[in-house]
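Asks: Sequence:
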Amino acid sequence: MARTDRISDPWGSRTPYAAGEPWPQRVDRYLTPGLTDDDVDRWVQSAAVLHSNGDGLDIAVKDGRIVGVRGRADDRVNHGRLDPKDLFGWQANHARDRLRTPLIRQDGVLVESDWDTAMDRIVARSRQLLDERGPNSIGFYTSGQLFLEEYYTQCVIAHGAIGTNHVDGNTRLCTATAAEALKESFGCDGQPGSYTDVDHADVIALYGHNVAETQTVLWMRMLDRLAGPNPPAIVCIDPRPTPVARHATVHLAPLPGTNVALMNGLLHEILDHDWMDHDYIEAHTVGFHELRKRVAEFPPERVADICGVDPDDVRRAGELIGTAERLLSTVLQGFYQSHQATAAAVQVNNIHLVRGMLGRPGCGLLQMNGQPTAENTRECGADGDLAGFRNWANDSHIEELATLWNLDVTAIPHYAPPTHAMQMFRYAEEGSLRMLWVSATNPAVSLPELGRIRRILSQDRLFLVVQDLFLTETAQLADVVLPAAAWAEKTGTFTNADRTVHISDKAVDPPGQARSDFDIFLDYARRMDFRDRDGRPLPAWNTPDEAFEAWKRCSAGRPCDYTGLSYEKLRGSGGIQWPCNAEHPDGVERLYAGGEFFAAPDYCEAYGKDLITGAPLEPTEYRAMNPFGKAIIKAAEYVPPHERPSAEYPCVLITGRTVYHFHTRTKTGRTPQLQAAAPEVWVELARADALRAGIVEGDLVEIRTVRGCVTAAARLTDLRRGVVFLPFHYGYWDTGDDGGKDGHHRAANELTLTDWDPVSKQPIFKTAAASVRRIGAGMAATPEPVAHAVADEHL
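If you use UniProt numbering, the sequence shown corresponds to residues 1 to 795, in order.
Hints in this document: simulated from the structure, not taken from any laboratory.
Note that the coordinates shown come from a computational prediction; the quantities given were computed from them, not determined experimentally.
One should not assume that every hint holds.
Listed below are the simulated SDA-like cross-link pairs for lysine to any residue, each with C-alpha atoms no more than 20 angstroms apart in a straight line [claimed, not checked]: (1) Lys62 / Lys506; (2) Lys609 / Ala411; (3) Lys293 / Asp272; (4) Lys609 / Gly287.
Work out the full structure: start from the sequences and follow the hints.
Replies: This is the structure in structure tokens:
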């Protein structure tokens, strides 16, 4: 294979293919320079955990250390390809500043301790709070990066053994709207589509989804279709000139916060031109007539006025989407983290419903995930849902969980929906939540309005436990810090955005005294002496494979049925999609073929909510609306964002990701190639706006909202005028081994507001009103954050 610098070219070489053909294989690899395959002691099966794509890979091990990775050619997700984070990110496992021993706060300072002392403190505080304040004084805030077995264990401990309603994850920041939009339209979570729909689609519409940087290997698949015969048309909805936008047939760049108006305009075109499947609508949906009335109010001219787009572009996009024979739609943070998030995402579902485009090759719908195991948090009940996609408002579903866990029904909280993360932090702020256990996430950088979050986490009355690989910004505020094992240092399973389940086997030992999240949670349960109603230990399992078998029993008969899977079946496979059971032993590629949904009133995961207020529907309302379990077409009115530009703050600030980093750079900032590629925060400005403000490429710029300010080097692009973009990855201090302070504000979430979508409760990171001013000259920035890396012959 030709030498390729996968930093300057994240997507690598093209392997063109035509519609209906299989995606050609291309095996990517990276080994420590100087090593060859012959030097590797063994290869261990796994998949990538620095994005949500789920790329299958093998881990190279030599002398008990990871020395590289290679893509798995037969994996259904990536056909051997790896992205830059896959190729290089494993090096963080061996960073010198890994946590190796527990830490406890003593006289205001974190000091090294041992497991018994650290766990005794956690247990003592837990028992005190349970005795004095009850279960809801304790909350758990987890991640989208643990394994299924760990989420399910945590869920049983929190919801079952403790009985707290306060359980959520940082998936609330990235995938909550995906789950909610699927529940609103189909009665249940679960992605309808498959990545293989790229192989068949003649139109691919991406809604707020910069797939080129967030799911890089999926973009490789799309690029290879574009490079082959009969390529698909691309519709891109994004205010930024992303790589997707540069390849688009039509690029719509709406003003942030106006997505519902734009979607209503696209639906207006589809309905107005009768690009619909009337038989499908009649047989398999409810709610169409309300949609027709609503979108009639959004002709292209009104949409253009609200969104600031060309009405002819709305017509062109509507025609492409409305006349496609095989339409694939993907949705991500540009919709999920914006105003009216769920309402906008549901309108994408509506397009597929009115066009009858579900369950067939190329007719895919992917409400994407932002994290590698976000699907598992939702399935297992670790993110504000109940295990097995069960409905908290359905008493029979609670009874099923009680039977599975051998508990009284009253032990499982179901008086209200599980508490979402933003509310949990408000409870901590108000003082009713007194212990917060944070695992594998860094809210002191990732949550909005960071000044407020730091104040909450720093309270003396809040007992903060942080379980992580490194001493993150959040861990520095903790009362107890627990050193966790990383990916490749433990065994478990995880599921990607198109329901593909992979196994990740342990390749190396964790450093020092670090333990897997599974072992930490189970140790806590045993020290707390949690028991079921017959006096047996709760949870009942002791190993990850036992937990997986218990999860299979929990998933049996539910949409996310794993009963046909096993560790043995997953080992050596290219990934298997759920549901996988006796009826479908090889999994199911696409859901909802034939118009059959998981929406029956007695079976569905949720009864739905009002898309404007978030008010839940009563079970009786849902039964009256949808007695036969059809798909639900939900119309939505557009309402303006809560915080809009003003004379003092004339711009709209949006945040997001870059291809080289993941979340708060806990791992990628410790990876030499990735850190060198994007070492510092930058701000993306429209050239016209920069010219008016006297800003040139590389100037140092201050970005300010009513909540704070950030300074960054300017990068000038064809971004839509009036919009400012900041990557959110950068915290207060560098993630290098010295842990030194940077000396200036650079965390984008200093600026974002405490506001969330009323339906999904996902925070809004895309509509803050901001000002920009030049501070002075800086080092010239490059058009892209590219390192001067040397190509490696092993790529």
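Asks: Starting from the hint list further up, note which numbers the structure goes against and sort them upward.
Replies: Checked against the structure, the only hint that fails is number 2, while the rest are satisfied.
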